[in-house]
Amino acid sequence: MSVLNVSRLKVSYPSRDGVFDVVRGLSFELDEADSLGIAGESGSGKSQTALAIMGLLPDNARVSGSIRLDGQELLGESEQDLDRLRGKSLAMVFQDPLSALNPYMTVGRQIGEVLELHQGMSAKEAARRSCELLQMTGIDEPGRRSKAYPHQFSGGQRQRILIAMALACGPRLLIADEPTTALDVTVQKKILELLRSLCQEIGTALILISHDLAVLSGMCRNLMIMYAGMEMERGLSEQVLLQATHPYTAALLRTLEDLHGGAGPLSVIPGEPPDMRNPPGGCPFHPRCTEVMPHCSEVIPRPRPVKRIAGAQSQWVACHLEPEQ
Amino acid sequence: MSWIEPVFTFTLKRLLSAVPTLLLVVAATFFLIRIAPGGPFDSERNLAPDIRANIERSYHLDEPLLQQFGRYLGGVARGDFGPSYHYRDRDVSDLIAESFPVSFKLGMTAFFLALLGGVTAGVLAALRRNSFRDHALMSLAMSGISIPNFVLAPLLVLLFAVHLQWLPAGGWRGLGSVVLPAFTLALPQAAYIARLTRASLLDILGSDFLRTARAKGLSRSQAVWRHAMKPTLLPVISYLGPATAALLTGSVVIEQIFQIPGLGRYFVTGALNRDYTLVMGVVIFYGSLIIFMNLLVDLLYAWLDPRTHRKQ
Amino acid sequence: MNGGGENITVGGRSLWQSAGERLRRNKAATFSLWLLILFVVLVVAGPWLAQHDYTQTNLSLGSTAPSLAGGHWFGTDALGRDVLARTLAGGRISLLVGLVATLVSLLIGVFWGAVAGYCGGRVDALMMRFVDLLYAMPFMFFVILLMVVFGRNILLIFAAIGAMNWLDMARIVRGQTISLRHREFILAATLMGAGTLTIIARHVIPNLLGVVVVYVTLTIPQVMLVESFLSYLGLGVQEPLTSTGALVNQGALEMETAPWLLVFPALFLAGTLFCFNFIGDGLRDALDPKSDEDGR
Numbered sequence: 001m002s003v004l005n006v007s008r009l010k011v012s013y014p015s016r017d018g019v020f021d022v023v024r025g026l027s028f029e030l031d032e033a034d035s036l037g038i039a040g041e042s043g044s045g046k047s048q049t050a051l052a053i054m055g056l057l058p059d060n061a062r063v064s065g066s067i068r069l070d071g072q073e074l075l076g077e078s079e080q081d082l083d084r085l086r087g088k089s090l091a092m093v094f095q096d097p098l099s100a101l102n103p104y105m106t107v108g109r110q111i112g113e114v115l116e117l118h119q120g121m122s123a124k125e126a127a128r129r130s131c132e133l134l135q136m137t138g139i140d141e142p143g144r145r146s147k148a149y150p151h152q153f154s155g156g157q158r159q160r161i162l163i164a165m166a167l168a169c170g171p172r173l174l175i176a177d178e179p180t181t182a183l184d185v186t187v188q189k190k191i192l193e194l195l196r197s198l199c200q201e202i203g204t205a206l207i208l209i210s211h212d213l214a215v216l217s218g219m220c221r222n223l224m225i226m227y228a229g230m231e232m233e234r235g236l237s238e239q240v241l242l243q244a245t246h247p248y249t250a251a252l253l254r255t256l257e258d259l260h261g262g263a264g265p266l267s268v269i270p271g272e273p274p275d276m277r278n279p280p281g282g283c284p285f286h287p288r289c290t291e292v293m294p295h296c297s298e299v300i301p302r303p304r305p306v307k308r309i310a311g312a313q314s315q316w317v318a319c320h321l322e323p324e325q
Numbered sequence: 326m327s328w329i330e331p332v333f334t335f336t337l338k339r340l341l342s343a344v345p346t347l348l349l350v351v352a353a354t355f356f357l358i359r360i361a362p363g364g365p366f367d368s369e370r371n372l373a374p375d376i377r378a379n380i381e382r383s384y385h386l387d388e389p390l391l392q393q394f395g396r397y398l399g400g401v402a403r404g405d406f407g408p409s410y411h412y413r414d415r416d417v418s419d420l421i422a423e424s425f426p427v428s429f430k431l432g433m434t435a436f437f438l439a440l441l442g443g444v445t446a447g448v449l450a451a452l453r454r455n456s457f458r459d460h461a462l463m464s465l466a467m468s469g470i471s472i473p474n475f476v477l478a479p480l481l482v483l484l485f486a487v488h489l490q491w492l493p494a495g496g497w498r499g500l501g502s503v504v505l506p507a508f509t510l511a512l513p514q515a516a517y518i519a520r521l522t523r524a525s526l527l528d529i530l531g532s533d534f535l536r537t538a539r540a541k542g543l544s545r546s547q548a549v550w551r552h553a554m555k556p557t558l559l560p561v562i563s564y565l566g567p568a569t570a571a572l573l574t575g576s577v578v579i580e581q582i583f584q585i586p587g588l589g590r591y592f593v594t595g596a597l598n599r600d601y602t603l604v605m606g607v608v609i610f611y612g613s614l615i616i617f618m619n620l621l622v623d624l625l626y627a628w629l630d631p632r633t634h635r636k637q
Numbered sequence: 638m639n640g641g642g643e644n645i646t647v648g649g650r651s652l653w654q655s656a657g658e659r660l661r662r663n664k665a666a667t668f669s670l671w672l673l674i675l676f677v678v679l680v681v682a683g684p685w686l687a688q689h690d691y692t693q694t695n696l697s698l699g700s701t702a703p704s705l706a707g708g709h710w711f712g713t714d715a716l717g718r719d720v721l722a723r724t725l726a727g728g729r730i731s732l733l734v735g736l737v738a739t740l741v742s743l744l745i746g747v748f749w750g751a752v753a754g755y756c757g758g759r760v761d762a763l764m765m766r767f768v769d770l771l772y773a774m775p776f777m778f779f780v781i782l783l784m785v786v787f788g789r790n791i792l793l794i795f796a797a798i799g800a801m802n803w804l805d806m807a808r809i810v811r812g813q814t815i816s817l818r819h820r821e822f823i824l825a826a827t828l829m830g831a832g833t834l835t836i837i838a839r840h841v842i843p844n845l846l847g848v849v850v851v852y853v854t855l856t857i858p859q860v861m862l863v864e865s866f867l868s869y870l871g872l873g874v875q876e877p878l879t880s881t882g883a884l885v886n887q888g889a890l891e892m893e894t895a896p897w898l899l900v901f902p903a904l905f906l907a908g909t910l911f912c913f914n915f916i917g918d919g920l921r922d923a924l925d926p927k928s929d930e931d932g933r
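Chains as they are written, first to last, in our numbering: chain A, 1 to 325; chain B, 326 to 637; chain C, 638 to 933.
With the rest of the complex left out, here is chain A (with noise of 0.2 Å):
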């Protein structure tokens, strides 16, 4: 049974030069408990699908398509419905710690507030739970920590408090967003450990967001690659990593080899991600391919499941080329 089910989802903003659309087209499924890394270029529409599926956009975007969590269409839900199952059943974990924590109210109160919301909490019951929480995020002394302000912890543990306030429901599905770009370095990985450990314990099914191919690989059993608001490969991460299919994907790699200690000169994809105002047509990636046909520029290839070893999941790609057996 699948938790979270999207299918053909689009997301468009009219403009003054006409519509333009962000998200075009994409499907796909996750299982209870399940994680999936969407990676892409900023701008390839990957954090307006995770808003989307919040049901967060701005007040001017248009979205058509399909989304089920749990069986139950979220598009097209009143605004109230919504409300009960954010924060409850869909929780999400946002880029910047601290412009998205409350600078004027106490890190307890911003986590009771969640279960005073959906569970019903007394005051008094939030702030023990609350507490409870912070400790098992990792934060020292949370009696007292909790009595303080955002201000006064460093940048990974307000992603902590975030990582608590998500969780606090135990939420079908969380999505993270870039969770660790603001961080040190040497923080991001105890936070991503941290975030997978507690998925898993909970039985939350992960989406998470990154531009890092790598970050994601190691945290999510699946991965999506998403280019000009397209699905371009999508399947096991291991799968993806080993048998690249699509020449974005591949181009990726090659910069991610680079990055770690290749020699030679350093490998970068050609040509400037493409302007959603005026995509090209055809596959979105043909101006920057390697591989490039003549009717890539004028057909839109639809992602199709691929098996490049007999016995092995399909991968699905998008991508107009045969692939080698």
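Hints are computed from structural coordinates only; laboratory data are not their basis.
Cβ coordinates follow ideal geometry from the N, Cα and C atoms, glycine included.
Any given hint might turn out to be false.
[Said to hold, decoys possible] Short, incomplete list of chain A residues facing chain B, as computed with Cβ under 10 Å:
| no. | residue |
| --- | --- |
| 1 | Met54 |
| 2 | Gly65 |
| 3 | Ser66 |
| 4 | Asp83 |
| 5 | Val93 |
| 6 | Phe94 |
| 7 | Asn102 |
| 8 | Pro103 |
| 9 | Tyr104 |
| 10 | Thr106 |
| 11 | His151 |
| 12 | Leu162 |
| 13 | Ala166 |
| 14 | Ile175 |
[What the hints assert, rightly or not] With a straight-line cut-off of 25 Å between C-alpha atoms, the simulated DMTMM-like cross-links for lysine to aspartate or glutamate are:
| no. | chain 1 | residue 1 | chain 2 | residue 2 |
| --- | --- | --- | --- | --- |
| 15 | B | Lys555 | A | Asp34 |
| 16 | A | Lys10 | A | Asp81 |
| 17 | A | Lys189 | A | Glu32 |
| 18 | A | Lys10 | A | Asp34 |
| 19 | A | Lys307 | A | Asp31 |
| 20 | A | Lys88 | A | Glu77 |
| 21 | A | Lys189 | B | Asp623 |
| 22 | A | Lys147 | B | Glu330 |
| 23 | A | Lys10 | B | Asp533 |
| 24 | A | Lys10 | A | Glu116 |
| 25 | A | Lys147 | B | Asp630 |
| 26 | B | Lys430 | B | Asp405 |
| 27 | B | Lys338 | C | Asp769 |
| 28 | A | Lys190 | B | Asp533 |
| 29 | C | Lys664 | C | Asp922 |
| 30 | B | Lys338 | C | Asp761 |
| 31 | A | Lys189 | A | Glu257 |
| 32 | A | Lys147 | B | Asp533 |
| 33 | A | Lys307 | A | Glu291 |
| 34 | C | Lys664 | B | Asp459 |
| 35 | A | Lys147 | B | Asp623 |
| 36 | A | Lys124 | A | Glu141 |
| 37 | A | Lys190 | A | Asp140 |
| 38 | A | Lys124 | A | Asp140 |
| 39 | B | Lys555 | A | Asp59 |
| 40 | C | Lys664 | B | Asp528 |
Following the hints, put chains B and C in place on chain A, whose structure we already have.
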């Protein structure tokens, strides 16, 4: 309690730093008057020289300037601003004690009117940005800023007192007589506060922590009430010091227009009569009031903003 | 912030060009700008346009209502003086005070703020300490006191109101200067051996233009308000000169019998203030890159 000590230290520090400011106010007013051409009794013609000298001696005007300043300073410290030059046999302190309660009532009414009206209008406008409601409220605020209250006051009197006869045109009797002056006095400040509140709330509405609040499952209005109001009000609170100064200044004109027997009116007549001690008294009194208000505002701000507290 | 000048280009267009475009899209600001230009032309050309001198009395024509036929379009006051000519003359003084006093506050404020911000350290601390001290002063009352004591001299009005308004300017300019000081082109100028004052004059001040323009547009109406307030109390300019505040005061006394005495000067004063405030708001929004896109 752990917070008492820092609050006490802070208050003490601010009170101490108010002392030089107050001294400056007193000195500036005192010497400004003294380097001015002419004396206080020039207007009284046909004054025999010896009588004049007698009067001047009774007011200690024959002493060296610094000695006079010391005497005046000592008086001010005791709340004694000396005798009025115009209202013979009256002390400036008495005049202030007698008329300030009236100004205080008017000022406080206007203060709360401006605060409540301004904040409400600003919040309502920001919550529906670019809607008709937003545009209407902000046009109103723009009018409040652009139409001087001495222009608005006679127009309102013309409408509500002369034509409709709902409210008295002036004087200080009954609740009805407070309405028009308090409203005209409050309007420009309400307008400033409304614009400030709107800008501040719009800023907060776009902030990450408000999105976090929504992600926790708070409804839009819950998120605004619980998480946005306090940070929205902080800039408004720091404006309350200048707002008080503006209300006091405005009351000078408003009390004149509506013939209200308050301190502002004494100030104007004092100024026109060259009643120097009275004018000085009012300036120093209102100056201290503004300094005191700024102190209160700073304390309130420090109390509300946890980031000004010491790190744990 | 919007410090840019010609150094910053956004998508090939300079900051000022795109700001100008945004300002043109703002209808209230554009309309205000044209109306203000009209006001200024009228006020400057007033003495040649009006058929009557604003001081010329005509007791036989006391308090006549506005009429096109009578030659007094805005009517006359109790002494038979033409209200149109008086409104224009009063407007001229009000605008003049607004401009000159703002200029005074601008000069002091920009100088003070730029020097404090650029020098930093102890000089900065000392200069800003002084500003803090002055902030606590009940300035409006001092100005009134000044007027009472020294008589109503127009030069004194310029100086007094100007000296009252420079504190905000100094603070804003200081903040901007500090953020500018660490930018590359200032460093480059320092490395090339330019002196402190040269750098302030050549690089810092031109780059402050954006904030300064907005500030000036919003200070002029405030200053005009203070001047009209003083004139209303009878403490502003002296007869035979007049200003809109004084005219409103006289008009309010006779509003029941001769409402035109109040209405025309009041409209002119409020209209000018509206224009400046709308233009100032428009400029501020236009120069703020954040205001570019709605929603996202």
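Worksheet entry | Closest C-beta approach of A:Leu162 to chain B relative to 10 Å, hint status | Since the shortest Cβ distance to chain B is 7 Å, the answer is holds.
Worksheet item: Quick one, are A:Lys147 and B:Asp533 close enough, alpha carbons at most 25 Å?
Response: Holds. A:Lys147 to B:Asp533 sits at ~21 Å (cutoff 25 Å).
Worksheet item: Between A:Lys10 and A:Glu116, does the CA-CA distance stay at or below 25 Å?
Response: violated, 34 Å
Item to complete: Would you mind confirming whether the straight-line C-alpha gap from A:Lys307 to A:Glu291 stays at or under 25 Å?
Response: holds, 20 Å
Worksheet item: Does A:Met54 meet its interface restraint, that is, does its C-beta lie within less than 10 Å of any C-beta in chain B?
Response: It holds, given that the least Cβ distance between A:Met54 and chain B is near 6 Å, below 10 Å.
Discussion item. Restraint: A:His151 near chain B, CB-CB cut 10 Å. Satisfied or not?
Written reply: holds, 5 Å
Worksheet item: Is the Cα-Cα distance between B:Lys430 and B:Asp405 25 Å or less?
Response: holds, 23 Å
Worksheet item: For the pair supplied as a hint, A:Lys124 and A:Glu141, is the alpha-carbon distance within the 25 Å limit?
Response: OK: A:Lys124 and A:Glu141 at ~18 Å, within 25 Å.
Practice prompt. Compare the distance between the alpha carbons of A:Lys190 and A:Asp140 with 25 Å, and conclude whether the hinted pair is satisfied.
Written response: holds, 15 Å
Fill in: Restraint status (C-alpha distance of A:Lys190 to B:Asp533 at most 25 Å)
This hinted pair holds, its Cα atoms lying about 24 Å apart.
Discussion item. Next pair to validate is B:Lys555 with A:Asp59; report whether the Cα-Cα distance is within 25 Å.
Written reply: holds, 24 Å
Worksheet item: Was the hint right that A:Asn102 lines chain B, CB cutoff 10 Å?
Response: holds, 4 Å
Checked against the numbered hints given earlier, this structure breaks hints 2, 3, 15, 21 and 24; the rest are met.
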